[in-house]
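**Q** This is what each chain is made of:
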Amino acid sequence: MIRAFKCESCGILMYPKHSVCPSCNDRNIKRVEISDEGTLLTYTLLYALPEGFEEKPLPIGIAEFDGVRVTGQITRSDNLNIGMRVKAVYSKIREVNGKELFGYKFKPL
Amino acid sequence: MRNVAIAGCGMTRFGKREEGIYELATEAALNAMDDAEMDRVDAIVVGNFASGEFTGISGIANGLAADLNLIPCHAEKVENTSASGASAVKVGLAGILSGLYKSVLVVGVEKMTGIPGSKATSIIASLTHPEAEYPYGVTLTTFAGFGARLYMHKYGAPYECFAMIGVKNHKNGANNPYAHFQKVISLEKALQSPIIADPLRLYDICPISDGAAGLVLVGKDLIKKVEDPVYISGFGQATDTHAIHERPDPTTVEGLKIAAEQAFKMARKDRGDIDVAELHDAFTVLEIIQSEDIGFFKKGEGWRAVQEGVTEIDGDLPISPSGGLKARGHPVSATGVAQLVELTWQLRGEAGKRQVDGAEVGLSCNFAGFGNNSIVFIVER
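If you read the sequences in order, they're chains X and G.
Just so we're aligned: 92 in numbering that gives the first Met the number 0 is position 93 of the first sequence, and the numbers increase by one with no gaps anywhere.
Just so we're aligned: 360 in numbering that gives the first Met the number 0 is position 361 of the second sequence, and the numbers increase by one with no gaps anywhere.
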């Protein structure tokens, strides 16, 4: 599941979390789980890598889950298409000073 | 509005420079002061994104005041990522309009080379969302790849329309002695250059540069002493979402639409009045998106303008005769000031081989991040 956030007042879903609801200005924002199956909105294969990344290219995309958009890495670099179905998997996305960081990776279905 | 004028302007050549950040800032500042024929100002505003991270130096506005013998003038540094230059101009403008100052020296400066490219990329990427973007390896170039692919998909634009912007801006930069790259490139070379953020290639992406640019702004009391004033007649600014994926349409920057509307309203001008524009083509796709969101072209049709020659120096709406960020280079915080230096030269008729005939009204657009903050100026004779 994907961890998104919901405004308890107006009910909109958001990601990332906002301290103040972008729709109704309420501050009562709660964590909710949404579907981890979504649609790829756009993507790129990155060859100019920031520090801490070695393997080229780095596939990154934006996908939409239950109307909520999330930026994440993609599990492969070939056969990608806008509109394809993906499943978000919570896994290792980078290492910083020997410590593993976790986040969303989109696996094409 | 004709209450604030550019009394003088100047810049350093952009590129990989031997000099340090102070030498660059001083060169641009003195060029601007000499051009204005002034040796005193009430305040200095320095636009700078990350002198601490890039060079380990801080406090540059105060250091500059001392070096230029401008003590006890007011001084501060203004930071707004890649729009730090335009933000510094805005702070100077606001200082004069408030009545606090009669004259302000604005300097935009960035020293970026001398550290590994991946380190520079990470410093710039630190402006992305710290939880939802940055940890994934997201950079500004990543957003450009997202935007270019989605734009092609939505509007049927071919990749060539991006490459042609790189070719146009290199052609313009070849006639700008201050540009980082002063070299014409062929479309074939652009089309065959290495992929950096698929579908974008090397010639779609601005370089990492060093450089500085300066302006002397004066208010009503001093304008009458200026021989050939260029007025800042319009200003607009708006922020937008932090995470790019939160925008309803990632190929549209709503903040820029708002900023442009504010600037046109203040200047009492419309799109058709603009003779020359300097846009923020950190990536070729941004020149198209900005030209649409400012309202020069309909959404989804801006890509045709470059193919039809509309945005060439001799076209109906010349965009970035300086060479833009692509060819003039992009020392992050110098860019927003350099855009106004170029427009000042264009409006005075001093732009040499890249002169736009009869330019009387100009527009600049400086972007923080990927449009996280858009700043628009309109200048006129």
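Careful, some of the hints might be misleading.
What the hints assert, rightly or not - Covered by chain G, per the in silico footprint, the following chain X stretches (three or more residues, Cβ under 8 Å):
| # | segment |
| --- | --- |
| 1 | 2 to 12 |
| 2 | 28 to 36 |
| 3 | 66 to 76 |
| 4 | 90 to 100 |
These are computed hints drawn from the structure, not numbers from a lab.
Where a beta carbon is used, it is the ideal one built from N, C-alpha and C, also for glycine.
**Q** For every hint, state whether the structure bears it out.
**A** Hints and how they fare:
1. Counting residues of the segment 2 to 12 of chain X whose beta carbon lies closer than 8 Å to any beta carbon of chain G gives 0, which falls below the threshold of three, so the coverage claim is violated.
2. Coverage of the segment 28 to 36 of chain X by chain G is violated. Counting CB-CB distances below 8 Å, 0 residues qualify, and the rule asks for three or more.
3. With 5 residues carrying a beta carbon less than 8 Å from a beta carbon of chain G, the segment 66 to 76 of chain X meets the three-residue requirement, and the given coverage holds.
4. By the rule of at least three residues with a Cβ nearer than 8 Å to a Cβ of chain G, the coverage given for the segment 90 to 100 of chain X holds, with 3 such residues.
Taken one by one, the earlier hints fail for this structure at numbers 1 and 2, listed in ascending order.
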